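Read off the chains here:
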Amino acid sequence: SAVISQKPSRDICQRGTSLTIQCQVDSQVTMMFWYRQQPGQSLTLIATANQGSEATYESGFVIDKFPISRPNLTFSTLTVSNMSPEDSSIYLCSVNGQDNYGYTFGSGTRLTVV
Amino acid sequence: EDQVTQSPEALRLQEGESSSLNCSYTVSGLRGLFWYRQDPGKGPEFLFTLYSAGEEKEKERLKATLTKKESFLHITAPKPEDSATYLCAVQASSASKIIFGSGTRLSIRP
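Chains A and B, in that order, are what the protein sequence lines are.
The numbers in the first sequence follow this note's numbering, run straight up by one, and end at 157.
The numbers in the second sequence follow this note's numbering, run straight up by one, and end at 137.
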């Protein structure tokens with residue numbers, strides 16, 4: 044299965060600022076997925092990122108708040124813009140595995156907004 | 028609308044006490060049902076994929092089963108290191124994304 048490197052692993056940010064999270068995969072993948080996991084909650088899909096096209100956002104998430112880049116088949120970034128304390132969450136990227144390996148997840152970025 | 032419901036929300040067991048976690052789902056054509064384990068501060072770790080009713084998969088003390096409406100994750104003689112949150116997710120046949128349930132927090136006491 045794919046191996047995902049996600050950076051940073053954690054950060055504490057001031058409200059009103061932006062943070063860009065990077066996700067690097069060790070193999071080429073068509074789709075990459077960005078999730079948010081709020082404290083004590085399960086995973087909620089933010090958007091699906093395809094290389095060469097605009098990301099597809101889920102209901103409740105907008106491009107101005109969570110711009111995504113997908114410059115090639117192994118890399119993607121998610122930016123959390125104009126942050127508020129409500130954005131404090133774990134953000135995870137994911138790719139579809141092959142055969143029976145399911146979807147693989149990065150180790151996550153723990154974001155705290157103060 | 029596709030939906031995944033997990034129960035119980037939390038489960039505390041004594042070491043060696045077997046039990047089952049439930050995942051009920053509603054989906055417009057099931058492409059796959061996934062079980063993950065998540066430890067605090069880490070991303071979900073893939074356990075199983077089930078594709079059709081009647082299918083079963085095993086890994087160490089864990090066994091996952093699937094019917095047309097639900098999946099069970101059976102834990103046999105659990106150990107403290109099995110303590111984690113177990114997440115269930117489904118993928119509809121027409122979708123590329125997967126939808127997660129709220130998870131079951133499992134705690135195994137020595």
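Since the hints were made in silico from the structure, they are not lab data.
No experiment lies behind these values; they were computed from the predicted model shown.
For every residue, glycine included, the Cβ atom is placed at its ideal position computed from N, Cα and C.
There's no promise every hint is true.
[To be verified] Sample of chain B residues with no beta-carbon within 10 angstroms of chain A, all distances over it, derived:
{"hint": "1", "residue": "41"}
{"hint": "2", "residue": "56"}
{"hint": "3", "residue": "57"}
{"hint": "4", "residue": "72"}
{"hint": "5", "residue": "79"}
{"hint": "6", "residue": "95"}
{"hint": "7", "residue": "101"}
{"hint": "8", "residue": "108"}
{"hint": "9", "residue": "123"}
{"hint": "10", "residue": "129"}
{"hint": "11", "residue": "137"}
[Claimed, not checked] Simulated crosslink set (DSS-like; lysine-lysine; CA at most 25 angstroms straight-line):
{"hint": "12", "chain 1": "B", "residue 1": "69", "chain 2": "B", "residue 2": "96"}
{"hint": "13", "chain 1": "B", "residue 1": "124", "chain 2": "A", "residue 2": "108"}
{"hint": "14", "chain 1": "B", "residue 1": "106", "chain 2": "B", "residue 2": "84"}
{"hint": "15", "chain 1": "A", "residue 1": "50", "chain 2": "B", "residue 2": "106"}
{"hint": "16", "chain 1": "B", "residue 1": "86", "chain 2": "A", "residue 2": "50"}
{"hint": "17", "chain 1": "B", "residue 1": "69", "chain 2": "B", "residue 2": "95"}
Numbers of unmet hints, in rising order: 4, 9, 10, 12, 15, 16, 17
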